[in-house]
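*Asks:* One-letter residues, chain by chain:
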Amino acid sequence: MNRVARLLLVRRKSGRWHWTDIAAYSYLALGVVLMFGPVLWLVLSSFKTQAGLLEFPPSLLPMSQREVMVQGFPQPLPLFSATLDDGSTRVLAQVRRIGIVAQMVDPENPAQQFRIPIDKRTPVREFKLATENYTEPLERFAFTRFLGNSVFVTVVATLITLLINSMAAYALSIYEFKGKNAAMLMVVGTLMIPITIILVPVYLVITKLGLVNSLWAVILPGAATPTGVFLLRQYMLTLPRDLIEAARMDKASEWQIYWRIVMPLAMPALAVLAIFSIMWRWNEFLWPLAVLTKTEVHTLQIGLNAFQGELQTQWHYLLAMTVATLAPVALVFVFLQRFITTGIANTGMK
Amino acid sequence: MAELTLSGITKSFGATTVIHAVDLQVADGEFVVFVGPSGCGKSTLLRIIAGLEEVTTGSIAIDGVDVTGRPASERGLAMVFQSYALYPHMSVYKNMAFALENMGLKAPEIDARVRRAATMLRLSDYLDRKPKALSGGQRQRVAIGRAIVRDPKIFLFDEPLSNLDAELRVATRKELAGLHAELGGTMIYVTHDQVEAMTLADRIVVLQGGRIEQIGTPLELYNRPDNLFVAGFIGSPRMNLLPARAAGQGAVALGEAGQEVDLGRETALTAGTSVTLGIRPEHIALAGEGEAGLAMTVDLVERLGGESYLYGSAPGLPQITVRLDGQTSHGRGDRVALRFAPAHLHLFDAAGKALRPDRA
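If you read the protein sequences in the order shown, they are chains A and B.
The first sequence runs -8 to 341 under this note's numbering.
The second sequence runs 16 to 375 under this note's numbering.
Next comes chain B alone, as it looks inside the complex (with noise of 0.2 Å):
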């Protein structure tokens, strides 16, 4: 158990920078996850970490001790690898057995590191087996097994669930969870699956071109994105973005037909300004009669019986998603009003920062 303190952390390889100048710090017993999408430098960062990747300039303490120049073995952490990484030759028990043998531990402690992490696991009958004879949910168990086993000072997954089938990939996020909340341990965690990082995380960091987007904890991102990519990012599916122009005080117009939106709130914006409205699916509402609202065509509707989704166009904008509670008997090409409900409104500058009173 330990706290994590990257300081200014940059990666290049050759000429190509691929982390620029991050700062993160992670408290004990917290869990990160690094989300993001595919070479957004997330894997990197967590190489960098583990030691298993140098970093160009920067540094990395653990505890407040500076590990930087360290090699992995001596960090005292523990890694799960998206291949599982499991030795194809030894059974499973001495897959685990393997670092605390090299730890130099006694044989009856390993034996009992290991029987206590195969019981926590569920893999009790299999300690006798060898890798290829296991499932592949069984095989990420012992993968996670193997770091449990050691003790580490912090626990580094990086995409552990990406090999496993969707039914699979859900239970194990569950147990992660649990196993989180009984060892305790500070886990750093990435995967480019924004679902598992709201499930899972005490914080997301959002990461994208080897930049910090964004960190906050899952609700903060969602309800306060500071950007347009963390907007788009999180939540699924995902916030409606809307190309508008500011029209006096307190509102933006959407589209063709120049559809007014209250903002709810003053603004500084300059009449014409270019902005981008977001609104996630389930803060739009469906007018009632009479009431005005931007217009919208239904092109599809997904009926999941306890929500629906209506899927739709509006002359100049791009695909609406609303999100409704309960079934609808909406139809394909049913002109429906929307409401926006103006607590909920995001607005973003044209380079896609996020306007909020708080940010003026």
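Bound-form chain A, shown alone (with noise of 0.2 Å):
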């Protein structure tokens, strides 16, 4: 505790307040805002109820009006503090509401009835998760089935990623060849061409291939990344060559050296396009979309769209999907963050 307190108040001099911690301090606050703040808020927000979320003004914390079952009245009713005729507050329970005046009961004594202007009460709030905005998709939404889809198509298409882009590195590296370089820029061009211009052909071709709704035609045309490539091999570059020189003189198949030798090496690039990897794949949306047109092979982004209604979305189910989509890659990102640093400060990626 000592050393959280310590490390949240360092300063440029021990004991003492310079300007620029001042600086310091309230940039990197703002900062947190900027970037936790509407995390935070999604958070906070997919624990609201329907109608918590469509209340204003909105409130940062999850509250919820109270409600309680008063006998005589098969459904709980809200309850409100109410300032009667007298001038006294009581709490009360509303039975209905007819313009502006609303039917209230004593919860303790259903028999004593009040009218009271609306405008004379206030709902009586707590604090309450609306937990059943995780359970209720849960069960009724095939959350398990889009988690498993998407958990394939990730994990798969980055192993196929991390094979084939360091195979295309290591060559692009380590050998010698005519037309190398025209090779390699041929490669990073490809890097100019969005998703979206090439949607409708790869499209085409994954017709003819009879894969579409298959999770396999969101995995193989993203499985060659340029920039995958283009990250492996400037890694690669930097080993020294007489590592891959003493493996050849140490009798090492070419497979041998790019397997037992540059690949181990090389770990620190691969550990960054892993982790791109999985977040593209994860969050991935247009070209699955696309291609999966069935519900049982919908990945969870595109499982979250059916939320979203042409007449009325569903944001409590919605935010709380999303807060649950997050959920790994934020882990992803909390256990991998190490390799994240000095990864990209090995590979010179940004």
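Quick partial rundown of chain B residues pointing at chain A, CB under 10 Å, derived from the structure:
1) Glu89
2) Met105
3) Arg161
Keep in mind that the hints were calculated from the coordinates and are not lab data.
These numbers come from a predicted model, not from an experiment.
Idealized CB from N, CA, C, for every residue including glycine.
From these two lone chains plus the hints, build me the complex, please.
*Replies:* Shown next as structure tokens:
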């Protein structure tokens, strides 16, 4: 605890506040609010009831109106704090509202009824987590199936990406051959073509291959990424040539040099690419939306889209499932962030 | 164990030729050292032998079998790199075992070979360590170990000691000599350090500008350099090379004073021909009282206890180094007379070729 406090209050010169300390802390605080604020709001909002979400003015915390069961009424009734004609304040349950007047009862004594103008009463609110936002879609909406599809696509696509990108990078960094630079230029050149442009032709190819509505349709087209080839190649270029030559002298075959020498040494770059690939694949939306039309092959991102109808959006479910979708990537980040920082520093990529 | 034959090896990078028609025979079990200044092509030549570099023309044969077109992995050679090139992600054991696994040996055989090499190189306690946890000398020994476990036809060393500090270099040099005596393999060793070359080699190949200047045993090169380059390169401190003119039968004149030096033999030079006179520092003696000799002013004295070096100048001549046994009382500014031992005089013509009776 002491160490955390020290970390949070660390200053340029111990014991004194320099203006740069204040500037740095305000800048960092602003950054935290900008970056983390929306995420926090999303998480808090995902625990609000549908009514709570549409409330104006909005509240940060998930508050909801307290309800009580009153004898003689089948439904739970909302509680209000009402000001009576004589000026006293009592907690009453509302039976129904007629125009600008609310018909209310005392929950302790249901026989006693009141008629209160609606501007004389305020809802009694309490902090309540609407966990049903999470549990209901998990029952009704095929969340686990979508999760399974997303995990499959992400893991398989990342493995394929790592394997074939590293092979291409190996050839483009370790071997000397005519047209090597031209090949590299072409690979990098494809970086400039956005997915939207090739969406239709790739869709046609996938259709001809009969892969529509198969997860492989999502996995295969993006497996060879120019970014990955470029990143790995740049890293492999920094490996000492002597190591490769030593391996050649040691009678290693090309596959062994690739698999037993270059791959382990390119680990930092591979980790970076793996993290990027996981994020890309997990968050991918447009392409899966185009090729996956059946519900049973939907990935999470497409599944989320189902909450957003043409006429009505079920915000409470959408937000809750968005949090559930974010969580795995966030966890990947938390556990691999050490690799990301060192790896990105090593590969010189931002 | 094998013999190696290089015939007419030429290597060009684009328009630049770095190796010019090199011919060389290395006998079985011989320790050959390639020595020369940096950029002389010695490392390129070694890499050509290893198969890491292709030849432009010429052929390489190992044990009479032409291996010119074969990749490095099929030549059966082992190389120790200047950077050691240890696989950083593998333990010492794995580093040494890697080649053996690639050769398809069985695990017990691999284990036996690695442990034998580790014992020989005092690495047994470090087998589980990664290279980064080792000192420079230990890494060096692992690199050598990686070569010897394979029992290769020829060992290639590319400046293996240049990353070690002076003390360790001397110690490792002795170990290498011991290793060669023990293993008896054919070894080719590249260095720019002529002391390493002199102490280790059975035969030295002196290279300059991609050409072989001279091949011979260390003492042959020391005693009978073929040209000015070898004369200046081999020996430390280096040979005194003094410009001179031929003066009559069997004598040359040195410096502005025209001090005549008797060569002790007849030469066919016409008087006045420009030559270079070479004499090693230890073959110069101080002339006694009343004896004639080249006059020199002492500029600097280095006293090493067991021996002393005088550095001095004479008008019209470059700096002269004289080695004296034991300790000397001479100091800076003293004038001394030098006497050259005729039997150890080297004479080179204007083109730098040695003028020797046997080469006439």
